[in-house]
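Novice: Chain by chain, the residues:
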Amino acid sequence: MSRLHNKRSSYENIKHFFNDGMTLMFGGFGGVGSPPTICKHLLDWGTKDITIIGNDTGFPHIGIGQLVAQYRVKKVIASHIGSNPVAGRLMSEGKLEVEFSPQGILAERIRAGGVGLKGIVTEIGVDDPYLNKGKEILEIDGDRYLYETALVAEVGIVYAQKADTYGNLIYDKSARNTNPLVAMAADITIVEAEEIVDVGELDPEEIVTSGVFVDHIVLSKGVDWKWAWETN
Amino acid sequence: MGLGNELKDKLAKRAALEVKEHMIVNLGIGIPSLVPNHLPPGFPVVFQSENGIIGIGPAPGEGQEDENLCNAGGYPVSIMNGGCYTDSSIAFAMIRRGKVDLTILGSLQVSEKGDLANWIIPGKKVPGMGGATELASKAKRVIVLMTHLDKKGGSKIVRECTLPLTTRSCVSMIITDRAVFTIEDGRLILKELFNPYTLQDIEETTDAQYTVSPAIKYID
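So the protein sequences, as listed, match chains L and H. Residue 1 is where the first sequence starts when you use our numbering, and the numbers rise one by one after that. Residue 1 is where the second sequence starts when you use our numbering, and the numbers rise one by one after that.
By construction, these hints were calculated from the structure, which means they are not laboratory data. Since the structure is predicted, the reported quantities are computational estimates derived from the model, not experimental observations. Honestly, I wouldn't trust all of these hints.
To be verified - Cβ pair distances, simulated, as ranges:
#, chain 1, residue 1, chain 2, residue 2, range
1, H, Asn-37, L, Glu-206, 33 to 43 Å
2, H, Asp-66, L, Thr-149, 30 to 40 Å
3, H, Glu-160, L, Asp-141, 29 to 39 Å
4, H, Ser-169, L, Ile-188, 37 to 47 Å
5, L, Thr-149, H, Pro-196, 49 to 59 Å
6, H, Lys-152, L, Glu-136, 37 to 47 Å
7, H, Gly-63, L, Ile-137, 51 to 61 Å
8, H, Ser-213, L, Lys-75, 33 to 43 Å
9, H, Lys-152, L, Glu-123, 31 to 41 Å
10, H, Gly-186, L, Ile-137, 24 to 34 Å
11, L, Gln-70, H, Tyr-75, 33 to 43 Å
12, L, Lys-48, H, Gly-186, 42 to 52 Å
13, L, Leu-138, H, Glu-160, 21 to 31 Å
Claimed, not checked - Below, in silico cross-link-like pairs of lysine to aspartate or glutamate (EDC-like), each with a Cα-Cα straight-line distance of 16 Å or less:
#, chain 1, residue 1, chain 2, residue 2
14, L, Lys-75, L, Asp-20
15, L, Lys-48, L, Glu-154
16, L, Lys-133, L, Glu-99
17, L, Lys-95, L, Asp-49
18, L, Lys-162, L, Asp-198
19, L, Lys-7, L, Asp-215
20, L, Lys-221, H, Glu-204
21, H, Lys-124, L, Glu-154
22, L, Lys-75, L, Glu-97
23, L, Lys-40, L, Glu-12
24, L, Lys-173, H, Glu-67
25, L, Lys-48, L, Asp-20
26, H, Lys-152, H, Glu-204
27, H, Lys-10, H, Asp-220
28, H, Lys-140, H, Asp-185
29, H, Lys-13, H, Glu-192
30, L, Lys-226, H, Asp-66
31, H, Lys-125, L, Asp-49
32, H, Lys-10, H, Asp-177
33, H, Lys-217, H, Asp-185
34, H, Lys-151, H, Asp-177
35, H, Lys-113, H, Asp-185
36, L, Lys-173, H, Asp-66
37, L, Lys-226, H, Glu-65
38, L, Lys-74, L, Glu-97
39, L, Lys-162, L, Glu-194
40, L, Lys-173, H, Glu-65
Think of the CB as a built atom: it goes at the ideal place given N, C-alpha and C, for glycine as much as any other residue.
Please put together the full structure from these sequences, using the hints given.
Specialist: Pasting the structure below:
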């Protein structure tokens, strides 16, 4: 019997965390590494007016992009929406608020939220009228820097290759991307794992995210969408 | 970008000549991603991808794809021996820390001073900057691959960018389907002409002011 408590849960038991108007942070890059089964349940549950925070809006039929394509999202904080034409259309129609951050700055804002910092200071974008709009500019050692706020969310959804029942995580190749950052930055972190193993089965040296950051774990049912590169 | 495959390969092939041994190189999506196809097999270079792959290898064959091993454009790749995976924060740590020697990107406009505008056409197309702002600011060298003209036939190499900038004064080389320019000390220089374009063709289709290199080359 492990001394570490078992965080394995079911989709039914995590449903109550997903409410209309919530702020949701998600892992994934072009849908790679976005938790497919949680996304599917969010569609089924009808959750709406969501503010989503993550790298990009995927594709209309892939990952978090499905929520955008079904008009469930009111605001996006991301670095890129180009692969999801619905996001672009809703934005130009005034039906979707979009805040862009340069990709690494976005990652660092999420990371700052996750590591308990108030924000970050960077020269990226300091003279850019879009990126510096409404933001504080600091002069440090004679140079100008932009103060970028940390990002946190009510719920973070993360995809992992393997989780032990305490929530220690390892990821899968390029599906890692923003997942370890998102795992730290939400009040409630929910992990969808391809495989859930007993505590003690993961080598402590290979664990990327400590279970300390993880609240609930559900077992993935796998990707149910077709990737852009799949021809048939 | 509206170019046939042959033209895309022409641009990628020319860009491949700029990839030197032991460089760390980040390739944008689209035509830049074709550059590795034009390097000799086993050429010692590390391709870094901002989604956290260090050491991208050749694309896998059909049926060999791994959905969790894709480049930043979302297409299946492989990883070379000695490669590794990182999270997005570390991928950009490498970029902002100046570890990337060369980035090859597409663009909507480039000014004669090397200003890059590739993230937004206000009111029309708003893809977002993705990783371009940081790559263009911090990579040691920035090369742009793009069509010489936009869809309406307007010059994409301009005196001043009319589109919002991604990064100021960062581009050092522009390779179009017609010509190759460099930007040295804030000045645009025409270096090479793709067959069959002439000096006059370029003059008629380029808004920016440039000088013609005395060593101008004609290339295929």
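Novice: Take the hints in turn and mark each one as holding or not.
Specialist: These are the hints, each one checked on the structure:
About 34 Å separates the C-beta atoms of Asn-37(H) and Glu-206(L), a value consistent with the hinted range of 33 to 43 Å. Checked against the hint of 30 to 40 Å, the C-beta distance between Asp-66(H) and Thr-149(L) comes to roughly 36 Å, which is consistent with it. Remark: the range hint 29 to 39 Å for Glu-160(H) to Asp-141(L) is upheld by a beta-carbon distance near 31 Å. At about 45 Å, the beta-carbon gap between Ser-169(H) and Ile-188(L) stays in the expected band of 37 to 47 Å.
Taking the beta carbon of each, Thr-149(L) and Pro-196(H) are about 54 Å apart, inside 49 to 59 Å as hinted. The hint said 37 to 47 Å for the Cβ distance between Lys-152(H) and Glu-136(L), and at roughly 40 Å that hint holds. Distance hint check: the CB atoms of Gly-63(H) and Ile-137(L) are about 53 Å apart, consistent with the given range 51 to 61 Å. Judged by the Cβ atoms, the range 33 to 43 Å given for Ser-213(H) and Lys-75(L) is violated: they are separated by roughly 50 Å.
For the pair Lys-152(H) and Glu-123(L), the supplied restraint of 31 to 41 Å holds, since their beta-carbon distance comes to about 35 Å. A C-beta distance of roughly 26 Å is found between Gly-186(H) and Ile-137(L), which places it inside the suggested range of 24 to 34 Å. Against the hinted window of 33 to 43 Å, the Cβ-Cβ separation of Gln-70(L) and Tyr-75(H) comes to about 26 Å, which falls outside the hint. For the pair Lys-48(L) and Gly-186(H), the supplied restraint of 42 to 52 Å holds, since their beta-carbon distance comes to about 51 Å.
At about 29 Å, the beta-carbon gap between Leu-138(L) and Glu-160(H) stays in the expected band of 21 to 31 Å. As the CA atoms of Lys-75(L) and Asp-20(L) are separated by approximately 13 Å, the hinted pair is consistent with the 16 Å bound. For the hint linking Lys-48(L) to Glu-154(L), the alpha-carbon distance of about 15 Å falls within 16 Å, and the restraint holds. Of the supplied pair hints, the one linking Lys-133(L) and Glu-99(L) holds, its CA atoms being roughly 11 Å apart against a limit of 16 Å.
For the hint pairing Lys-95(L) with Asp-49(L), the CA-to-CA distance comes to about 11 Å; that is within 16 Å, so the pair holds. Between Lys-162(L) and Asp-198(L) the alpha-carbon distance is near 10 Å, which keeps this suggested pair within the 16 Å criterion. For the hint pairing Lys-7(L) with Asp-215(L), the CA-to-CA distance comes to about 6 Å; that is within 16 Å, so the pair holds. Proposed proximity of Lys-221(L) and Glu-204(H) is contradicted: the alpha carbons are some 58 Å apart, above 16 Å.
Proximity of Lys-124(H) to Glu-154(L) is assessed by CA-CA distance (about 33 Å); at most 16 Å being required, the pair is judged violated. For the given pair, Lys-75(L) sits about 5 Å from Glu-97(L) by alpha-carbon distance, which is consistent with the 16 Å threshold. At most 16 Å may separate the alpha-carbon atoms for a hinted pair to count; Lys-40(L) and Glu-12(L) meet this at roughly 13 Å. The suggested pairing of Lys-173(L) with Glu-67(H) holds, with an alpha-carbon distance near 10 Å, which does not exceed 16 Å.
Between Lys-48(L) and Asp-20(L) the CA atoms are separated by roughly 5 Å; this keeps the pair inside 16 Å, and the hint holds. Between Lys-152(H) and Glu-204(H) the alpha-carbon distance is near 15 Å, which keeps this suggested pair within the 16 Å criterion. For a cut-off of 16 Å, the pair hint linking Lys-10(H) to Asp-220(H) stands: about 8 Å separates their Cα positions. Simply put, Lys-140(H) and Asp-185(H) have alpha-carbon atoms about 15 Å apart, close enough for the 16 Å limit, and the pair holds.
Of the pairs offered as hints, the one joining Lys-13(H) and Glu-192(H) holds, with about 14 Å between alpha carbons and a cut-off of 16 Å not exceeded. This hinted pair checks out: Lys-226(L) and Asp-66(H) have alpha carbons roughly 13 Å apart, not beyond 16 Å. Taking the CA atoms of Lys-125(H) and Asp-49(L), the gap is near 24 Å; set against the 16 Å cutoff, the hint is violated. Distance check on the hinted pair: Lys-10(H) and Asp-177(H) sit about 8 Å apart at the alpha-carbon level, within 16 Å; holds.
Note on Lys-217(H) and Asp-185(H): the hinted pairing is violated, with a Cα-Cα distance of about 21 Å set against a maximum of 16 Å. A C-alpha spacing of about 14 Å is found between Lys-151(H) and Asp-177(H), which places the hinted pair at or below 16 Å, so the restraint holds. With a CA separation close to 8 Å, the supplied pair Lys-113(H) and Asp-185(H) stays within the 16 Å bound. Restraint check for Lys-173(L) and Asp-66(H): satisfied, since their Cα atoms lie roughly 9 Å apart, inside the 16 Å limit.
For the given pair, Lys-226(L) sits about 13 Å from Glu-65(H) by alpha-carbon distance, which is consistent with the 16 Å threshold. For the hint linking Lys-74(L) to Glu-97(L), the alpha-carbon distance of about 6 Å falls within 16 Å, and the restraint holds. Simply put, Lys-162(L) and Glu-194(L) have alpha-carbon atoms about 6 Å apart, close enough for the 16 Å limit, and the pair holds. For the proposed pair Lys-173(L) and Glu-65(H), the alpha carbon gap of about 13 Å is at most 16 Å, so the pair holds.
Hint check: violations occur at hints 8, 11, 20, 21, 31, 33; the rest are consistent with the structure.
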